[in-house]
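2 protein chains.
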Amino acid sequence: MAEAPRPSVVPPGMEANWYKPLTEDGLHRIHEASLTLLERTGIQVLPSECRDIFKAAGARVDESKDRVFIPRPMVEDGIAKAAKEVVLCGRDSRHDLHLTGRKVYMGTGGAAVNVLDLESGAVRQTVLADVARIGRLVDALDNIHFYLRACVAHDCSNELLDVNTAYAALTNTSKHVMVNAFTSKGAFECIDVAAMIAGSREALDARPIISFTSCWVVSPLRYAPETVETLTEIVRQNIPVAISSAPQAGATSPASLAGTLVQVNAEQLSGIVYTNLVRPAARVIMGFVPSVADLRTGNFTGGAAEFAMMHAASAQLGQFYGIPVYNSSAISDSKLPDIQAGYEKGITSLAAALAGSNYIHHSAGLLESMLTVAYEQYVIDDDINGSVMRAVRGIEVTDETLALDVIDQVCNGEGHFLGTEQSLALMNTEYYYPHTADRRRRGDWEETGSRDMREVARDTAREILAIHKPIPIPAAVDSAIRQRYNIILPPELAAIEDQ
Amino acid sequence: MAEAPRPSVVPPGMEANWYKPLTEDGLHRIHEASLTLLERTGIQVLPSECRDIFKAAGARVDESKDRVFIPRPMVEDGIAKAAKEVVLCGRDSRHDLHLTGRKVYMGTGGAAVNVLDLESGAVRQTVLADVARIGRLVDALDNIHFYLRACVAHDCSNELLDVNTAYAALTNTSKHVMVNAFTSKGAFECIDVAAMIAGSREALDARPIISFTSCWVVSPLRYAPETVETLTEIVRQNIPVAISSAPQAGATSPASLAGTLVQVNAEQLSGIVYTNLVRPAARVIMGFVPSVADLRTGNFTGGAAEFAMMHAASAQLGQFYGIPVYNSSAISDSKLPDIQAGYEKGITSLAAALAGSNYIHHSAGLLESMLTVAYEQYVIDDDINGSVMRAVRGIEVTDETLALDVIDQVCNGEGHFLGTEQSLALMNTEYYYPHTADRRRRGDWEETGSRDMREVARDTAREILAIHKPIPIPAAVDSAIRQRYNIILPPELAAIEDQ
Chain A
1 MAEAPRPSVV PPGMEANWYK PLTEDGLHRI HEASLTLLER TGIQVLPSEC
51 RDIFKAAGAR VDESKDRVFI PRPMVEDGIA KAAKEVVLCG RDSRHDLHLT
101 GRKVYMGTGG AAVNVLDLES GAVRQTVLAD VARIGRLVDA LDNIHFYLRA
151 CVAHDCSNEL LDVNTAYAAL TNTSKHVMVN AFTSKGAFEC IDVAAMIAGS
201 REALDARPII SFTSCWVVSP LRYAPETVET LTEIVRQNIP VAISSAPQAG
251 ATSPASLAGT LVQVNAEQLS GIVYTNLVRP AARVIMGFVP SVADLRTGNF
301 TGGAAEFAMM HAASAQLGQF YGIPVYNSSA ISDSKLPDIQ AGYEKGITSL
351 AAALAGSNYI HHSAGLLESM LTVAYEQYVI DDDINGSVMR AVRGIEVTDE
401 TLALDVIDQV CNGEGHFLGT EQSLALMNTE YYYPHTADRR RRGDWEETGS
451 RDMREVARDT AREILAIHKP IPIPAAVDSA IRQRYNIILP PELAAIEDQ
Chain B
500 MAEAPRPSVV PPGMEANWYK PLTEDGLHRI HEASLTLLER TGIQVLPSEC
550 RDIFKAAGAR VDESKDRVFI PRPMVEDGIA KAAKEVVLCG RDSRHDLHLT
600 GRKVYMGTGG AAVNVLDLES GAVRQTVLAD VARIGRLVDA LDNIHFYLRA
650 CVAHDCSNEL LDVNTAYAAL TNTSKHVMVN AFTSKGAFEC IDVAAMIAGS
700 REALDARPII SFTSCWVVSP LRYAPETVET LTEIVRQNIP VAISSAPQAG
750 ATSPASLAGT LVQVNAEQLS GIVYTNLVRP AARVIMGFVP SVADLRTGNF
800 TGGAAEFAMM HAASAQLGQF YGIPVYNSSA ISDSKLPDIQ AGYEKGITSL
850 AAALAGSNYI HHSAGLLESM LTVAYEQYVI DDDINGSVMR AVRGIEVTDE
900 TLALDVIDQV CNGEGHFLGT EQSLALMNTE YYYPHTADRR RRGDWEETGS
950 RDMREVARDT AREILAIHKP IPIPAAVDSA IRQRYNIILP PELAAIEDQ
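If you read the protein sequences in the order shown, they are chains A and B.
For what it's worth, this note's numbering labels the leading residue of the first sequence as 1, then goes sequentially.
For what it's worth, this note's numbering labels the leading residue of the second sequence as 500, then goes sequentially.
Among the clues, some could well be false.
[Claimed, not checked] Incomplete in silico selection of chain A near chain B, CB under 7 Å:
1. 250
2. 333
3. 395
FYI, nobody ran anything at the bench for these hints, they're computed from the structure.
Where a beta carbon is used, it is the ideal one built from N, C-alpha and C, also for glycine.
With the sequences and hints as input, model every part of the structure.
Here is the structure:
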């Protein structure tokens, strides 16, 4: 995994323009319907600074119903003002993400509450050490491009949660870190810790190594008052933020996929209007997270084909507006890393990536409809993402790859391509070789214990956790953070430079 | 599985126009290079009727090198003459396949030599009873649309193999059956048995319930003399045939994906020219089966992203010519139904189907790079195919699905979509509900034994084999077949009408 100075076969940020689940006509109709929805049905916003900002900008407010109606020109203005590229930085600049156009990055996500214990396989509550250790895995795995904190630290009080989560993530990976903040105070603390690690508040502004995800909407079309306040503060601080709305088709949005897309798109556009009123060209990423309610039970469902299509369609919508997109894949509904988890992840990740989604979170580690993570699942999903990113890269057609001379030479010569110069040259550039998936014949596989991919991945996860060393933060910085904040993560679970 | 008179959410033969791994320019360059290859490098054909047919039509023959060079106008003529639709029938006309355009059908394939025993899980050689029992599974599973015999009957002598395989398949499913014939005599016997079941040779001509796959090419660009003879006889009999060429990138074709596509396309076009010389508008399906050699070991690899892309590209090539395409997906390199098998199948099947491949064989049952099948894998792959076919169906955008009124009503009313008329109406039409994948929460799942998908699928496979009754063939027909041929399948393993 962490070997190669060789250039990657599947570098982060390749462009995908391959899969379009919406026709041009369908795309336009969803766009138009979203504008109609904002103008006619509007969004629910309780009396607040947010509502005042909308009103001052010219939105019609029905105070008896607490609804804000956004006229079409205001939406168009918001889209025009919106940032067309958002750069998310890593502590190591090799991990910077340039979210724009059809560039594809895949990383973690979720707020899982349980983890499958790496030794026993039993389910247990997640704690802060899991945030740290998962960060270390993400740091080591090449096809997980960023670290959105994946689970809840149940051993942190509400007051300590935000800052400790940010600290545990930032000190275990030099990839970009995205967090959630439950309060404005929590957000300020996370920003402060990131600024200390970045060197200064200005350095953080220049290279944002931290960003936020904000679930400011409660579907359908309602703003969550406190979360909006936090979102407003983050935008004022010029820190990147993904505005995430997550309607569930059949429960909190229409059962029709097109209707759910209309609603999530309207929610997103309202957020683009709002954040760009707070700060024009704010570093905001559209966050489409439509899911499905299994209408037999009402259960949240993330592994369905309907989910996959809606996320690919979201990428098309973002590209239509030219605004970066945050969405999801690889949320399996299986309770363990079995064949169900495999196909649900394969299908949803391929769909989202081939459509050119910019920031595909949830794409590693998750099981049980987002409730559970598993260490070995990160290793497995790294291989899945490698395969998906190979498909993103596509098929290069050049005079050289068309290979007419090679074929002619082999047909008139030895009859085999294995030893040709071209084969040797392409071995390390044309193919993604999985690190954990097994391609051996049965006899060879039996000789090493007939282990399934999950078992092999467990070993890899253990090995990474035992030996991988992320780029450390200076000890002085760590001390300063610990003096200012009540950091409960033991120093040995953070990468700190020896003095 | 076999319940519903309700219309299917994912009917066979839906059209897919969603995924295009080749740009227009890339597609044209591959086409042009293929024509150059046929003209300049040519194909190896030993002295034979086939070579005489090529020569008589105007191909240049280099007798010292046994190579046939096909001029560009001859290829264009072959493409023009070729059948643009091939209909493959089932004993039950509900299962007819109309191979044309971008219609998608998914079914079995392979010539596996081993099976994972349904009870012990241990690997053992396949026998004729497996051909029969797998046919019965295929008959019961809605998202496996045809039965290409999937494994080798090791208990049949060479002489009995073809006819017994055809009998075992045709008497266990009313879906379309495709077989291989190792000799012309074997092909005639299969056709005869099918004609007896169809009612007459004319009835079979009108409704071909049997077809063949012919591996007449040994890559790179060599015709296999005896197989070509059999192919020629099948075409003369007007029985549908998929001409299958299966180069392995890096071993029997260039390591570059584009080069492998050029070669397989040239092989295919030569076959289209040849079969249409034998019989204009012959019922021929282009059979692209490019695979990958893992260049670290030389092993055949079917689960790779590179495989997935080449098969989607093959669909584009077939659509470019307007000729139906047979290709592959779901060939996992895993030795058992684990998470590796899941993601490899999910990725390769989604890619092939979204590209509009007409006849995706191998898409159920296979493991271990085609060497092994497993009963439970058919059940699992039926769910995977259901999910994939849901993505093929796409997102319907209409005034009704845009759902502006429903959203407005919910936002101004009860705030929830679960009870709306639309949700109730769409429950049975908008969503594919898996029969075996598990969407329950952990507690519910633990209460029923914490079983993974493989274990549940085993039960389903056992249940189908115990109770499913395919449409039987008349006892008189069975007697007549058994009088004419040495059928070693016990009658109780065939569906025969009680007298």
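Hints violated by the structure (listed by number, smallest first): none
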